[in-house]
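Each chain, written out:
2 protein chains.
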Amino acid sequence: MLRRTLPRALSSASSSLHGVPLDATSINANVRAAEYAVRGNVLERSMELQRRMAAGEMLPFKKFVPCNIGNPHALLQLPLSFHRDVLALCISPHLASDHPSAFNPDAVERAQKYATEMGGGVGSYTNSQGILAVREEIAAFITERDGYPAYVDRIYLTNGASEGVRMLLTCLLRGGELHDGLLTPIPQYPLYSASLTLLGGTLVPYHLNESMDWGVQMENLAEALATARGNGVEVRGIAVINPGNPTGNILAEDQIKDIIQMAVDNKLVILADEVYQSNIWKEGASFSSFKKVACDMGYHGEDGDERLQLVSFHSTSKGYFGECGLRGGYMEVHGIGPEVRAELYKLASLSLCSNTVGQLAMGMMVNPPKPGDPSYQTFEKERGDILSSLRRRSMMVHKALNEMEGITCNKADGALYAFPRIRLSNKAVQAAADKGIPTDEYYCLKILDETGIILVPGSGFGQEEDTLHFRTTFLPSEDTMEETLKVLASAHNKFMDDHRD
Amino acid sequence: MLRRTLPRALSSASSSLHGVPLDATSINANVRAAEYAVRGNVLERSMELQRRMAAGEMLPFKKFVPCNIGNPHALLQLPLSFHRDVLALCISPHLASDHPSAFNPDAVERAQKYATEMGGGVGSYTNSQGILAVREEIAAFITERDGYPAYVDRIYLTNGASEGVRMLLTCLLRGGELHDGLLTPIPQYPLYSASLTLLGGTLVPYHLNESMDWGVQMENLAEALATARGNGVEVRGIAVINPGNPTGNILAEDQIKDIIQMAVDNKLVILADEVYQSNIWKEGASFSSFKKVACDMGYHGEDGDERLQLVSFHSTSKGYFGECGLRGGYMEVHGIGPEVRAELYKLASLSLCSNTVGQLAMGMMVNPPKPGDPSYQTFEKERGDILSSLRRRSMMVHKALNEMEGITCNKADGALYAFPRIRLSNKAVQAAADKGIPTDEYYCLKILDETGIILVPGSGFGQEEDTLHFRTTFLPSEDTMEETLKVLASAHNKFMDDHRD
Chain A
92 MLRRTLPRAL SSASSSLHGV PLDATSINAN VRAAEYAVRG NVLERSMELQ
142 RRMAAGEMLP FKKFVPCNIG NPHALLQLPL SFHRDVLALC ISPHLASDHP
192 SAFNPDAVER AQKYATEMGG GVGSYTNSQG ILAVREEIAA FITERDGYPA
242 YVDRIYLTNG ASEGVRMLLT CLLRGGELHD GLLTPIPQYP LYSASLTLLG
292 GTLVPYHLNE SMDWGVQMEN LAEALATARG NGVEVRGIAV INPGNPTGNI
342 LAEDQIKDII QMAVDNKLVI LADEVYQSNI WKEGASFSSF KKVACDMGYH
392 GEDGDERLQL VSFHSTSKGY FGECGLRGGY MEVHGIGPEV RAELYKLASL
442 SLCSNTVGQL AMGMMVNPPK PGDPSYQTFE KERGDILSSL RRRSMMVHKA
492 LNEMEGITCN KADGALYAFP RIRLSNKAVQ AAADKGIPTD EYYCLKILDE
542 TGIILVPGSG FGQEEDTLHF RTTFLPSEDT MEETLKVLAS AHNKFMDDHR
592 D
Chain R
92 MLRRTLPRAL SSASSSLHGV PLDATSINAN VRAAEYAVRG NVLERSMELQ
142 RRMAAGEMLP FKKFVPCNIG NPHALLQLPL SFHRDVLALC ISPHLASDHP
192 SAFNPDAVER AQKYATEMGG GVGSYTNSQG ILAVREEIAA FITERDGYPA
242 YVDRIYLTNG ASEGVRMLLT CLLRGGELHD GLLTPIPQYP LYSASLTLLG
292 GTLVPYHLNE SMDWGVQMEN LAEALATARG NGVEVRGIAV INPGNPTGNI
342 LAEDQIKDII QMAVDNKLVI LADEVYQSNI WKEGASFSSF KKVACDMGYH
392 GEDGDERLQL VSFHSTSKGY FGECGLRGGY MEVHGIGPEV RAELYKLASL
442 SLCSNTVGQL AMGMMVNPPK PGDPSYQTFE KERGDILSSL RRRSMMVHKA
492 LNEMEGITCN KADGALYAFP RIRLSNKAVQ AAADKGIPTD EYYCLKILDE
542 TGIILVPGSG FGQEEDTLHF RTTFLPSEDT MEETLKVLAS AHNKFMDDHR
592 D
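Chains as they are written, first to last, in the working numbering: chain A, 92 to 592; chain R, 92 to 592.
If we strip away everything but chain A, and leave its shape as in the complex, we get (with noise of 0.2 Å):
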């Protein structure tokens, strides 16, 4: 019996007699290699300036304002009151019954349903995959947005989708000598660099077109993979994120037509990064899921055909919802067989479930009140005031951009972020260097010195070479954003005669 818990045969005779410290050295050296920019060297910045504030130290400004990260009601964005009402009631069903009139009898309802679903309430640990009612409800939000069939077995709950993404990777990723790898837009969300560093993987990098409104390019993609096949790399697969994060690009059907081909030809897993489906801003434009473009094509994914293999991630972070905190996201496999589906149950089942609370959140956020019900004119109104306050603030943020010396940016069609292009002075690139660190980097700590105006430089996210860029969200509340955008540009113009050559 207890041969089944050795995992793996001993040969070499190497160990040290008395043993090593768990120190800089000796730590998992992928560890010490992965990084992670959006709480990286700036946000660290900001938070040494936060404790010095606290501790009554005059500063140039008199708050912070983190554009660092998407995180929405951080900056004051106010939930939706369906949903929570809904999960107050799951946390403390009493409330229904003690104070009937507080509550929307389809909340109400709703709470009961989870609750008979759920056996013990959100105290007990559910089926690892996810209690099975959300699951259906995400099904069937599936189905009927893409117009195509979705099922409960390849739906997973996951801690946000961050958590899905690395449950993928590492079953894909073989690491040791295998140079198993990842075909990643290059700017990208730095959730993957970091994965596959720590996972012992590969990062293959395909450039995103910035003149061409960061659109991926299909021969940049063949060449990416030619090279990486030609240095020994096994490429396994690709991933997309539609709309784009740090770019805002949203893909067209035509291009995730063209992808999928590729991935077929390849037989590339495709990681599509999907979570910010609900924040289109262009006019006009709409948003495609891989899935159904796939259905399209004929790559249905029926158990027995695995010819295409596709991931989506989702989350309540982003959207409208920006439930952050919850921790709820989930992924959905396609053409990805039984075994493997088996395997990462396996997986999401060695942490016993996601939390409960971030499941239920899903389950709403993909199931929100209908016209008629109760709740729905509230909902309805706050969703629209946050989807179009999103969009007004896109505008504000690209135009104030565009008009400062030396930047230049996209439209943000989507997403939460622009990420425009900075032209800096010889003087600041020496400046940096001086420094030792990386020029975009060395901006973005000016810019929160003088400002607050907390930023993520571009080489987080990787950028052409002899590019310069930031990433912003533009998150911050619409009465506070003119205000904002004053202070930084005032802080830019600033830099730029701080460091004329």
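Worth double-checking, as some hints may not be accurate.
Since the list gives no way to pick one copy over another, a pair counts as held whenever it fits inside one copy or between any two copies.
[To be verified] In silico DSBU-like links for lysine-lysine, alpha-carbon gap of 30 Å or less:
no., residue 1, residue 2
1, 537, 526
2, 437, 153
3, 461, 358
4, 153, 204
These are calculated hints, taken from the structure and not from any lab test.
Guided by the hints, dock chain R onto chain A, whose structure is given.
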């Protein structure tokens, strides 16, 4: 800039030109090899039976009794009122103003304190290490419990304790050809074996002594360490579960002292899994934390003093809270330097933060209402009722098991499980071998088919060669416990009769 995102240099040229689909043969072999018995074959079988029952099939029993996992609320243990009300208020803050009579003033006050601290409420990402106010509550709790200071920068909030264990092991195990290993008790909670397999580490087993109440024997430990080193394993740490899972053993301070000294002498990081610290059933026994004993011995873990490296884990899922679904947990590191702490912070930041509701639940678990607070009496009664009922149930289970033919069971001094030894006939061994499954799994499947009671085979936890066990929780509610034990005894008798040599 771009070079920073390329995680590894490439050398060999062995890649395939047409790609490798993700299937059972091409999945990461470590994922495939990992086993997680608590949700293994017996649970799979129970899910199949549940589907059949739901489809109308008549089974020999009316309901399932999931004793496979410590999931108290699923067996109708009630949540405590105070923390659930505070959570409801944090989720729907308007409830406090709209329905002031619904909540005790201390619940309202606590919710306001958390809201102020979080800025954007439960919908915001928090500091990746967790909400500062909660870490302060945890530090105060540890200081009070141990009589030695604890620090917020050494505490990390996690989604349950499992996530903390995995984070720590991810840092500790370097993978590749280094054969890093972890001393792990046998029997153990399979999170350890599965995580080791997944991370490419080596499980170094040390046996707990069943005839001495499952105590740790230092000579077993020394021998396990020497053998592993002789086999070329770099032993980097030791996992200790106290109170024990699945054994229920409570370590005495002297034993803890010996283990600490051994860890110091051999530079082993101690992973102290202390999630059952409130589940102490033995008359006169009390829980001593590894941290407290370490400080008693003079290992205060100041920065620069890494003689003893200790990480302790706690969770909202056990104790009297039983809040499994909320996924609250923390780890405290001790004697771990600032550089490694920064790496742990970075790892945490890759998931952005653990879920906020679980974080707040943890805060209230370690900082419940105090005497004089409006919620105190209710809290104290709820807590007392749960703990005294669990104590009675632990005794009922122990007594009933020992009365069954061929079963001996140590007292569960702590935790939520009994881990009886079963002696089965040659005929039973042969019947299991004919099916190609371990004998104890065969036994548990038979009991399940007959009764709906879900047990976990001892082979899932590891056991001495030629011994057989199973693990059962004692969580069925007190009014059903007698009946459950009767049903189990009767099915056990039938099994014994059916398998006489």
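Within a copy, between copies, both or neither: where do residue 461 and residue 358 come within 30 Å Cα-Cα?
neither (41 Å within a copy, 61 Å between copies)
Give the relationship of residue 153 and residue 204 under a CA distance limit of 30 Å: within one copy only, between copies only, both, or neither.
The answer is between: 23 Å across copies meets 30 Å, while 47 Å in one copy does not.
Please work out whether the CA atoms of residue 537 and residue 526 approach to 30 Å or closer within one copy, between two copies, in both situations, or in neither?
within (13 Å within a copy, 69 Å between copies)
Measure nothing new, just compare the shortest in-copy and cross-copy C-alpha distances for residue 437 and residue 153 to 30 Å and report within, between, both or neither.
between (49 Å within a copy, 28 Å between copies)
Violated hint for the displayed structure: number 3, the only one.
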